[in-house]
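Chemist: The opening position of the sequence shown corresponds to residue 1326 in the numbering used here, with each subsequent residue numbered one higher.
Since the hints were made in silico from the structure, they are not lab data. Mixed in with the good hints, there may be bad ones.
Quick list of simulated restraints, FRET-style, between CB atoms [said to hold, decoys possible]:
1) 1492 <-> 1457: 16 to 22 Å
2) 1497 <-> 1413: 23 to 29 Å
3) 1550 <-> 1501: 28 to 34 Å
4) 1491 <-> 1554: 33 to 39 Å
5) 1459 <-> 1492: 23 to 29 Å
Distance condition first, Cα-Cα at most 25 Å in a straight line; then the derived DMTMM-like pairs of lysine to aspartate or glutamate [unchecked claim]:
6) 1480 <-> 1435
7) 1542 <-> 1435
8) 1397 <-> 1498
9) 1376 <-> 1551
10) 1497 <-> 1365
11) 1376 <-> 1477
Please read all numbers here as calculations on a predicted model, not as lab measurements. Where is the CB? At the ideal position from N, CA and C, for every residue including glycine.
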Amino acid sequence: MSFSTARTLAIISTVTAGLLFFGGRLSASRALSLTVPNAEAAEPLASAPSKETAVFAGGCFWGIDAVFRRVKGVSSVSSGYAGGTRVAPDYDQVSSGTTGHTESVQVIFDPSVVTYSQLLQIFFSVHNPTELNRQGPDHGTQYRSAVFYTSDAQKKSVDTYIAQMNRQKTFKDPIVTQVAPIDKFWAAEDYHQNYFAGHTNQPYIVINDAPKVALLKKRFPSLYKEPLG
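Full structure from sequences and hints, please.
Modeler: Right under this line is the structure:
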């Protein structure tokens, strides 16, 4: 397995921060201390298709991947790259910040069980959408917050929800999440898939990603399930 210099430095800085603050306990993001509102206009379940695809980017894909694997109605989660121009990018290329991609997760879900609006609420609960081109210890456009919509209905939902949160001042600062149509989602290397499951004791995971999973279970108990393998 190879890691980019940027990710290696992020892990080192996370370990250092963990030793300095509260014996290794550090909030993954200021956003995790906030309560994100329900969407004002949720789509009806009755008219939903049997399967839908969503793509989210909220910093390192390890934590976002772990969260959505634990959501009822989600049948598949893949870590990968979206929003860039290079064909079939690999991890090192994306990590260089020169391809335009951001680390993302592709979520296949049953909207009769969990709606897209509910997925948006979860997504905006587990990362900080006010941080521009960074998330926690990870810096660069490859870690930007983004929602890549797969339909006009999804675009309307995310635009409306972001406007609602900005109007209600859910976050202290304006939301900078990119909203764009999905062009192509490229699956990441195998070792990145379900990374959380095999590295639960890694300091980066403990400090940055485990709190996201814990938050999902605490705030969305009716949607929480045991993780996909």
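Chemist: Against each hint, give a clear statement of whether it holds in the structure.
Modeler: Right, here's what the structure says about each hint:
1. 1492 <-> 1457: 16 to 22 Å: Holds - the Cβ-Cβ distance for residue 1492 and residue 1457, about 20 Å, lies within 16 to 22 Å.
2. 1497 <-> 1413: 23 to 29 Å: violated (39 Å)
3. 1550 <-> 1501: 28 to 34 Å: holds (31 Å)
4. 1491 <-> 1554: 33 to 39 Å: holds (38 Å)
5. 1459 <-> 1492: 23 to 29 Å: holds (25 Å)
6. 1480 <-> 1435: holds (18 Å)
7. 1542 <-> 1435: holds (19 Å)
8. 1397 <-> 1498: Answer violated: residue 1397 to residue 1498 is near 31 Å, above 25 Å.
9. 1376 <-> 1551: Cα-Cα ~20 Å, so holds.
10. 1497 <-> 1365: Within the cut-off at roughly 20 Å; holds.
11. 1376 <-> 1477: holds (16 Å)
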